[in-house]
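All chains should be built: construct the whole structure from the sequences, respecting the hints.
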Amino acid sequence: MKFISKKIFFVACVLFLGGATSCDEDFLERKPLDAISDADVWKDPALVEAFVNDLYGRIWDPFTDSWKVMHTAVSDEGMYLRDKGTDVVVKGTLTPENMGTLTQFGQWGNYYKGIRNCNIFLERINEVPFKDETLKNRLTGEVRFIRAYYYFNLVSHFGGIPLVKENFSLEDSEGMFVPRNTFEECVNAIVEDCDSAIELLGASYNNDNLGRATKYSAMALKSRMLLYAASDLFNKPGNTNALVGYTSGDQTQRWQAAKAAAKALIDNPGKHGLYTPTDSGAENYTRIFLDNHNPEILFAKLHNKQLKGTSVDLWNGPNGYHNWGGNLPIENFVTGYQLKDGTPFSWNNPEHATQPYKNRDPRFYASILYNGAVWRNRPADAAATEPEGIIQTGSKEVWNAATNKVEVVWGVDTRFSPIENWNASTTGYYTRKFLDKNVDGQFFRGDQPWIMFRYAEVLLNYAEACLELGETEEARTYINKVRTRAGMPAIASSVAGQALEDLYRYERKYELAFEGHRYFDIRRWLIAEQVMNGPANGIDIVAKLNPDKTTHTLQYNIVSVGPRSFHPKGYFSPIPVSEIQKNAKLEQNPNY
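Residue numbers -22 to -1, 1 to 570, in mature numbering (1 follows the signal peptide of the UniProt record, and there is no 0), belong to the letters of the sequence shown in order.
Mixed in with the good hints, there may be bad ones.
[Said to hold, decoys possible] Here are the simulated SDA-like cross-link-like pairs (lysine to any residue), alpha carbons at most 25 Å apart as the crow flies: (1) K459 to S472; (2) K459 to L317; (3) K374 to V520; (4) K563 to N219; (5) K336 to E177; (6) K21 to E101; (7) K279 to D173; (8) K62 to F394; (9) K522 to H330; (10) K522 to F422; (11) K62 to W38; (12) K374 to K318; (13) K547 to K563; (14) K109 to E177; (15) K279 to E261; (16) K109 to I98; (17) K547 to N131; (18) K241 to H271; (19) K336 to G350; (20) K487 to I37; (21) K336 to G314; (22) K487 to V537; (23) K241 to N219; (24) K69 to V509; (25) K69 to Y570; (26) K62 to K563; (27) K547 to E557; (28) K318 to P467; (29) K336 to D173; (30) K249 to A238.
[To be verified] Okay, the calculated beta carbon distance ranges per label pair: (31) N76 to N327: 39 to 49 Å; (32) F422 to D18: 37 to 47 Å; (33) I558 to N535: 41 to 51 Å; (34) N535 to A242: 42 to 52 Å; (35) N327 to N185: 46 to 56 Å; (36) A181 to Q566: 41 to 51 Å; (37) W400 to A242: 45 to 55 Å; (38) A181 to A238: 34 to 44 Å; (39) N511 to K318: 25 to 35 Å; (40) S258 to D18: 45 to 55 Å.
Think of the hints as simulated: they come from the structure by calculation, not from any bench. Note that CB positions come from ideal geometry on N, CA and C, so glycine has one too.
Structure below.
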């Protein structure tokens, strides 16, 4: 079908296509598009389906966002080449006044408009003359899931937010302004919508409806919501502010609920599972994010390169390919990748320090473009300088016999490159994950899906809940399912306690890298102050000329590329001042 798997246009376009796909004989007698009224929509199942398709279009994703800024840039994973508002987060200066400068945070208005439309649908769906209940149930389940997803995203940033489940008339101006609900009430509402969606949605859909939410999408969302709800951020002893966490109840019971939600999907996966199309851990991991409709995907926003497509290759690729180097890994993150044998990497180990990119976790090679990485063929103007398609983020000393001096030649992917050096990395790395080396991002768009829920996350959710409940062996088993798929050695049965928790957090950090999880994980674990204070680092690589004036020795120097500071108030985002000014009943988050 035309809507989800191939195109989500503006609602006007979608409404036209929705009407055009109807088999009614009187199609040619229908009203022109600009004459379609609200009442008309609820008389036509095709228009109602188009209405729901527009709700999918409101779901934010960085592959099509105008700035392409990922949550990576405001976590300890990376940074963004251009500020675009991210500095106020990583420097601890985010305020209600500047909240709106961040597109990935400024979804309050967008999602509440979407919630309003969800509510309109749920109020009017019984008016629609469906031929049978099948389509009605499916669309209702989709709307329940989408509303839960909107609410989940708001709660993840702000804590308790206003739960609006009915629409107010313009005459009811007082009713339009409501206070925030408690965090607990919001969690319960999200879970309720998920449970309803699970009952109404199918396990899978045919090619005409690929990309629509399924029961597994709703199960995955429920799993994540309950995992977050059980975490320490929302279960602080003695908390008295019900907007930002629980004030009563048992955290252990919440972990049990999180465990059960994840296990429900694991025990009934349908066609879903870890994706292993090859014998290579790195290739398997790479293809999760390139192969549309693979069995690991539980819910994703699809893109069609024949239409708008994605521009992630252009926005994140190296400048030496005429790409724009947007979301950049930092050395703090890169250092953390283990060696392939499961032991830690250390710059203090001379063997590691002389060959830092050798024998690392296979996910490193699928996620990071580093100096010396083999990539794709260069465009013609860059091929004259670097014909082999190997990433160059360092410099090289060469001997000039004519001048009897050492000269420095800079790599084509550096900030001293002759090719678009203003788009070059400041950290010495580029993001490899999500990029398709068969797509020339300078001229063409890709069709990579933005995956919001995948099976590996649910396995890790389950493992975390088991860890918190003291079920060590069960936790280790499920961590190892994810770890060994990537080509890493299984965690030994002797590993327990803090060591096992550390390995779990390693696994979640690097398995889910750049997918938007880390920003929330370091907050719900209450470790943001630990990992976000201090400089963001990069790597300066120089091929030093040896005394023979022909051979070289690579030197790696860690350098600061920007200060970072985390204030405890940053565990929650401030409600934008514009929203407070509109609704005096909104209480601001603590310390803002």
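Evaluation of the provided hints:
Only pairs whose Cα atoms come within 25 Å are accepted, and K459 paired with S472 is accepted, the gap being roughly 17 Å. Proximity of K459 to L317 is assessed by CA-CA distance (about 18 Å); at most 25 Å being required, the pair is judged to hold. A distance of roughly 6 Å separates the Cα atoms of K374 and V520; the hinted pair therefore holds under the 25 Å criterion. Taking the CA atoms of K563 and N219, the gap is about 16 Å. The hint holds against a cut of 25 Å.
Between K336 and E177, the direct Cα distance comes to roughly 49 Å. Violation of the 25 Å bound is thereby established for this hinted pair. Proximity of K21 to E101 is assessed by CA-CA distance (about 14 Å); at most 25 Å being required, the pair is judged to hold. A distance of roughly 22 Å separates the Cα atoms of K279 and D173; the hinted pair therefore holds under the 25 Å criterion. The straight-line distance between the Cα atoms of K62 and F394 is roughly 23 Å, inside the 25 Å bound, and the hint therefore holds.
Between K522 and H330, the direct Cα distance comes to roughly 18 Å. Compliance with the 25 Å bound is thereby established for this hinted pair. For the given pair, K522 sits about 38 Å from F422 by alpha-carbon distance, which is inconsistent with the 25 Å threshold. Restraint check for K62 and W38: the C-alpha separation of about 17 Å stays at or below 25 Å, so the hint holds. At roughly 29 Å between alpha-carbon atoms, K374 and K318 are farther apart than 25 Å, so this suggested pair is violated.
With a C-alpha separation of about 21 Å, the suggested pair K547 and K563 falls inside the 25 Å cut-off, and the hint holds. Our distance criterion of 25 Å between C-alpha atoms is met by K109 and E177, whose separation comes to about 20 Å. Simply put, K279 and E261 have alpha-carbon atoms about 22 Å apart, close enough for the 25 Å limit, and the pair holds. Taken as a hint, the K109 and I98 pair is honoured in the structure, with Cα atoms around 21 Å apart against an allowance of 25 Å.
Using a Cα cut-off of 25 Å, the hinted pair K547 and N131 holds, with the two alpha carbons roughly 19 Å apart. Distance check on the hinted pair: K241 and H271 sit about 22 Å apart at the alpha-carbon level, within 25 Å; holds. This hinted pair checks out: K336 and G350 have alpha carbons roughly 11 Å apart, not beyond 25 Å. Taken as a hint, the K487 and I37 pair is honoured in the structure, with Cα atoms around 24 Å apart against an allowance of 25 Å.
The straight-line distance between the Cα atoms of K336 and G314 is roughly 14 Å, inside the 25 Å bound, and the hint therefore holds. Taking the CA atoms of K487 and V537, the gap is near 23 Å; set against the 25 Å cutoff, the hint holds. This hinted pair does not check out: K241 and N219 have alpha carbons roughly 31 Å apart, beyond 25 Å. Restraint check: the Cα-Cα separation between K69 and V509 comes to about 13 Å, which is no more than 25 Å; the hinted pair holds.
With a CA separation close to 15 Å, the supplied pair K69 and Y570 stays within the 25 Å bound. Simply put, K62 and K563 have alpha-carbon atoms about 30 Å apart, too far for the 25 Å limit, and the pair is violated. Pair hint K547 plus E557 holds up; C-alpha atoms about 19 Å apart against a cutoff of 25 Å. In summary, the hint linking K318 to P467 is supported, as the alpha carbons are separated by about 8 Å, within the 25 Å threshold.
Note on K336 and D173: the hinted pairing is violated, with a Cα-Cα distance of about 47 Å set against a maximum of 25 Å. A threshold of 25 Å between alpha carbons decides the hint, and for K249 with A238 the separation of about 20 Å falls inside it, so the pair holds. Checked against the given bound of 39 to 49 Å, the beta carbons of N76 and N327, roughly 42 Å apart, stay inside it. For F422 paired with D18, a C-beta distance near 39 Å keeps the hint of 37 to 47 Å intact.
Between I558 and N535 the C-beta distance comes to about 46 Å, which sits within the given range of 41 to 51 Å. Evaluation of the 42 to 52 Å hint for N535 and A242 yields a pass: the beta carbon distance comes to about 50 Å. For the pair N327 and N185, the supplied restraint of 46 to 56 Å holds, since their beta-carbon distance comes to about 52 Å. Hint check: A181 to Q566, Cβ distance near 43 Å, so the stated range 41 to 51 Å holds.
Separated by about 50 Å at the C-beta atoms, W400 and A242 satisfy the suggested range of 45 to 55 Å. A hinted range of 34 to 44 Å for the beta carbons of A181 and A238 is inconsistent with their spacing of about 20 Å. For the pair N511 and K318, the beta carbons lie near 31 Å from each other, so the given range of 25 to 35 Å is met. Separated by about 54 Å at the C-beta atoms, S258 and D18 satisfy the suggested range of 45 to 55 Å.
Checked against the numbered hints above, the structure breaks hints 5, 10, 12, 23, 26, 29, 38 and satisfies the rest.
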